[in-house]
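Chains as they are written, first to last, in our numbering: chain A, 1 to 199; chain B, 1 to 150.
Since the hints were derived computationally from the structure, they do not count as laboratory data.
Ideal Cβ placement from N, Cα and C applies to all residues, glycine included.
One thing to keep in mind: the hints can contain errors.
Unchecked claim - Here are the computed lysine-lysine pairs in the DSS-like style, where the Cα-Cα straight-line distance is at most 30 Å:
id	chain 1	residue 1	chain 2	residue 2
1	B	Lys-41	A	Lys-140
2	A	Lys-170	B	Lys-12
3	A	Lys-140	B	Lys-45
4	B	Lys-41	A	Lys-141
5	B	Lys-136	A	Lys-168
6	A	Lys-140	B	Lys-12
7	A	Lys-27	A	Lys-40
8	B	Lys-148	A	Lys-139
9	A	Lys-141	B	Lys-147
10	B	Lys-61	B	Lys-45
11	B	Lys-41	A	Lys-168
12	A	Lys-170	B	Lys-45
13	A	Lys-27	A	Lys-61
As the list claims (entries may be wrong) - Which chain B residues stay away from chain A? Per the calculated CB distances, all over 12 Å, these:
id	residue
14	Gln-8
15	Gln-14
16	Arg-88
17	Asp-95
18	Gly-119
19	Lys-147
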Amino acid sequence: MNKILLKIDGREVEAGEGMTILEAARKVGIVIPTLCHHEKLEPYGACRICTVEAEIRGSTKLVAACLYPVEQDLIVRTRSERVDKIRRMILELLLAHAPEARQLQDLAKEYGADKDRFEKEPSFCILCGLCVRYCAEVKKKNAVGFVNRGAGREISFIPEIASKECWKCKECFPLCPTEALQAAYVFTEALVSLTSFQA
Amino acid sequence: MDSDRIDQIINKHQGQARSLIQVLLEIQSENRWLPREVLEKVSEKLEVPLSRVLRIVTFYKTFSFTPKGHYEIDVCTGTACHLRGAQRVLDTVQDLTGIKPGETDLDSKLSLETVNCLGCCGLGPVMEIGGKTHSKMSPAEIADALKKCE
């Protein structure tokens, strides 16, 4: 495998072909915050919190570190005024949806995000897709999925599958950066017991 | 809708997963809605997870989880039609039919939807009744057009 040399925050980093910026950075202990990333899952690039500045041949652009493949002579800055500003904005927007999420609150403290900047609209879910993708890619059960679109998009357990598979698995619960997932499951369970009660 | 007909539609597309939307569209247009059991059957036959079928069905406005009327009335409320009086058209249709957008009347004859553009803005206000496009609608014309829905 070809070795690729790049610079992350001023440090020379050696990475293999096909690695992402995030993987290369983690290998040498440079922290890039992530919300929708999971080692066992395909990169998804939903939360954009891993946005970094990538400079190649003199031009700088903002990329998602979890998706962007490393390149020879790439210069990456994981903390800069521009990056911090974007992360702050993302956090403020996400906090409007999930104000109680511990993970978001910790990040907000680090980046100085104001959690009350936007009017609260608690859906409690930030649509990171961790539960949906874990269920599909690792467990191959597809018991939980996205429904609707745009502002109405949300996660939803499929009662027919969830009633058979979920109660003995629940591996997606600890993945959730908010508490929305568990709530959705409890809701589905209640519905299932209600319908079986009626039947 | 009987399950033989669904099998027929699925077989027409060689049971391929990539034909999912086509299959759903055909069932929707014949049956006028997509019952849960039908989605489960399609998911099983095409080997597409039910969660993906539901994601797609809830994404597109064409698909419906509730029975639609025999005649679907689409009133365009896009920018051009809005300026040319789409609201008046919509009000008239609601008065004449007694149903609101998204609803179906009791004998499943008519259902009403608003759409964002029917692609002929110069002819606004435009509405579609049972697939037939009506242009430059005035309240009197709406009554005439609706009378034909028998």
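> If you draw a straight line from the CA of B/Lys-148 to the CA of A/Lys-139, is it 30 Å or shorter?
Replying inline: violated, 54 Å
>> Please verify whether B/Lys-41 and A/Lys-140 have alpha carbons no more than 30 Å apart.
In response: holds, 19 Å
> Can the restraint linking A/Lys-27 and A/Lys-40 be considered satisfied, given a maximum Cα separation of 30 Å?
Replying inline: holds, 16 Å
> Are all beta-carbon distances from B/Arg-88 to chain A longer than 12 Å?
Replying inline: Holds: least Cβ distance 28 Å, greater than 12 Å.
> Within a Cα-Cα threshold of 30 Å, do A/Lys-170 and B/Lys-12 meet the stated pairing?
Replying inline: violated, 39 Å
>> The output says B/Asp-95 does not contact chain A. Does that hold with a beta carbon cutoff of 12 Å?
In response: holds, 29 Å
> Do the alpha carbons of A/Lys-141 and B/Lys-147 lie within 30 Å of each other, as the hint requires?
Replying inline: violated, 50 Å
>> What's the verdict on B/Lys-61 and B/Lys-45, does the C-alpha distance respect the 30 Å limit or exceed it?
In response: holds, 23 Å
> Given the hint that B/Lys-41 pairs with A/Lys-168, does the C-alpha gap stay at or below 30 Å?
Replying inline: Roughly 26 Å between the alpha carbons, so the hint for B/Lys-41 and A/Lys-168 holds.
> Straight-line Cα separation of B/Lys-136 and A/Lys-168 no greater than 30 Å?
Replying inline: Roughly 60 Å separates the two Cα atoms, so the pair is violated.
> Regarding the assertion that B/Gln-14 does not contact chain A, is the least Cβ-Cβ distance greater than 12 Å?
Replying inline: holds, 23 Å
> Going by Cβ atoms, does B/Gly-119 stay more than 12 Å from chain A at every point?
Replying inline: Holds: least Cβ distance 21 Å, greater than 12 Å.
The structure does not agree with the numbered hints 2, 5, 8, 9 stated previously, though it agrees with the rest.
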